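> Sequence:
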Amino acid sequence: MNDSMQWSAPIRVTRFLLNTLFHQALAVVAIYAIWIPISNYSQIASGLSWHVILCTLALIPLATEALMLFASDNVWSQGLEKNTKKYMHGILMGTSTVLMITGIAVEIDRGAGIADYPHFTSAHAITGLIALIFLVFGSILGLCALFAQSLKGFLRPVITKFIHNVLGNLTFIFGIVSLCCGFYTNWFAWYTSEASRMAAVIVTAIICVWSLIHSFISGFKQIQAIMNVPVYRGVPIEVQGVNRPLSVIRLSRHAINE
Numbered sequence: 001m002n003d004s005m006q007w008s009a010p011i012r013v014t015r016f017l018l019n020t021l022f023h024q025a026l027a028v029v030a031i032y033a034i035w036i037p038i039s040n041y042s043q044i045a046s047g048l049s050w051h052v053i054l055c056t057l058a059l060i061p062l063a064t065e066a067l068m069l070f071a072s073d074n075v076w077s078q079g080l081e082k083n084t085k086k087y088m089h090g091i092l093m094g095t096s097t098v099l100m101i102t103g104i105a106v107e108i109d110r111g112a113g114i115a116d117y118p119h120f121t122s123a124h125a126i127t128g129l130i131a132l133i134f135l136v137f138g139s140i141l142g143l144c145a146l147f148a149q150s151l152k153g154f155l156r157p158v159i160t161k162f163i164h165n166v167l168g169n170l171t172f173i174f175g176i177v178s179l180c181c182g183f184y185t186n187w188f189a190w191y192t193s194e195a196s197r198m199a200a201v202i203v204t205a206i207i208c209v210w211s212l213i214h215s216f217i218s219g220f221k222q223i224q225a226i227m228n229v230p231v232y233r234g235v236p237i238e239v240q241g242v243n244r245p246l247s248v249i250r251l252s253r254h255a256i257n258e
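The sequence shown maps to residues 1 to 258 in UniProt numbering.
Since the hints were derived computationally from the structure, they do not count as laboratory data.
Just so we're clear, the structure is a prediction, and the values are computed from it rather than from any experiment.
Hints are supplied without guarantee of correctness; some may be wrong.
As a list, the in silico DSSO-like pairs of lysine-lysine whose alpha-carbon atoms are at most 30 Å apart [as the list claims (entries may be wrong)]:
| hint | residue 1 | residue 2 |
| --- | --- | --- |
| 1 | Lys221 | Lys152 |
| 2 | Lys85 | Lys152 |
| 3 | Lys86 | Lys221 |
DEER-style ranges, computed between Cβ atoms [stated by the list, open to error]:
| hint | residue 1 | residue 2 | range |
| --- | --- | --- | --- |
| 4 | Val75 | Ser218 | 14 to 22 Å |
| 5 | Ala9 | Gly153 | 42 to 50 Å |
| 6 | Val13 | Gly113 | 49 to 57 Å |
| 7 | Ile226 | Val75 | 29 to 37 Å |
| 8 | Lys152 | Gly113 | 43 to 51 Å |
| 9 | Phe16 | Ile108 | 39 to 47 Å |
| 10 | Thr20 | Ser193 | 41 to 49 Å |
| 11 | Val28 | Ser218 | 25 to 33 Å |
| 12 | Leu129 | Ile213 | 41 to 49 Å |
Glycine included, C-beta positions come from ideal geometry on N, C-alpha and C.
Given the sequences, and given the hints that come with them, work out the whole structure.
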């Protein structure tokens with residue numbers, strides 16, 4: 001047995017454990033962010049409370065799970081077929097989009113009732129607005145990516161999927177930055193400690209990086225396909241022939257040129 005085969009099982013177990021810890025961290029951050037407005041609902045403006053609750057749930061866990069859905073080591077989606085994952089991704093992101101837009105609309109409506117209320121001036125608000133803009137365009141490209149084969153007469157499917165990938169990543173990154181900035185808004189800081197906010201930012205940053213790994217790898221392969229650089233995928237297996245040394249071959253050696 002060669003070295004790659006010897007270490008494959010421990011690597012799979014490690015990735016499984018890390019993915020499990022990732023989902024636990026996801027739950028902790030989501031509960032931390034929404035518990036503050038829920039537990040202090042009577043003391044906080046209802047519009048602000050719902051803004052935090054809806055936007056947090058839109059980003060964590062919905063958008064995060066929509067990104068992790070395609071990762072091979074994602075615990076709950078490993079057994080799903082590719083087409084099923086696509087539809088699940090659409091459902092998760094569709095729900096996330098509705099919650100995000102509703103949450104932002106609620107906050108805008110709340111501010112409209114306050115004289116001289118400063119709209120989109122803080123780092124939290126500006127990055128949230130940028131995330132919303134990317135979200136709208138990313139959703140449009142998501143529909144195009146879903147029907148990429150039907151639209152291939154206008155644009156190569158791989159280009160459509162790559163643009164959707166980039167817009168989705170930018171939406172998620174700016175959304176995470178906005179969430180982290182939200183931890184340091186005046187009202188949130190009033191109800192939390194400095195240590196808890198710092199821990200939340202660190203864990204959220206780790207969640208962001210872990211969630212984007214598969215998207216970045218997919219984007220790199222898409223760039224190679226766009227540039228017509230052969231990218232091969234397959235399963236390496238060991239072959240022990242008669243009177244010949246141990247060798248490794250690769251099954252399904254087909255270039256990715258979608």
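> Give a verdict on every hint.
Evaluated hints:
The suggested pairing of Lys221 with Lys152 holds, with an alpha-carbon distance near 19 Å, which does not exceed 30 Å. The straight-line distance between the Cα atoms of Lys85 and Lys152 is roughly 21 Å, inside the 30 Å bound, and the hint therefore holds. At roughly 18 Å between alpha-carbon atoms, Lys86 and Lys221 fall within 30 Å of each other, so this suggested pair holds. For Val75 paired with Ser218, a C-beta distance near 19 Å keeps the hint of 14 to 22 Å intact.
Taking 42 to 50 Å as the suggested C-beta distance range, the pair Ala9 and Gly153 conforms, at roughly 46 Å. Val13 and Gly113 have their C-beta atoms about 54 Å apart, which keeps the hinted 49 to 57 Å range intact. At roughly 32 Å, the beta carbons of Ile226 and Val75 sit within the given window of 29 to 37 Å. The beta-carbon spacing between Lys152 and Gly113, approximately 49 Å, falls within the hinted interval of 43 to 51 Å.
About 42 Å separates the C-beta atoms of Phe16 and Ile108, a value consistent with the hinted range of 39 to 47 Å. Between Thr20 and Ser193 the Cβ separation comes to about 28 Å, which falls outside the hinted range of 41 to 49 Å. The beta-carbon spacing between Val28 and Ser218, approximately 27 Å, falls within the hinted interval of 25 to 33 Å. As the Cβ distance of Leu129 to Ile213 is approximately 27 Å, the hint placing it in 41 to 49 Å is violated.
In summary, the numbered hints that this structure violates are 10 and 12.
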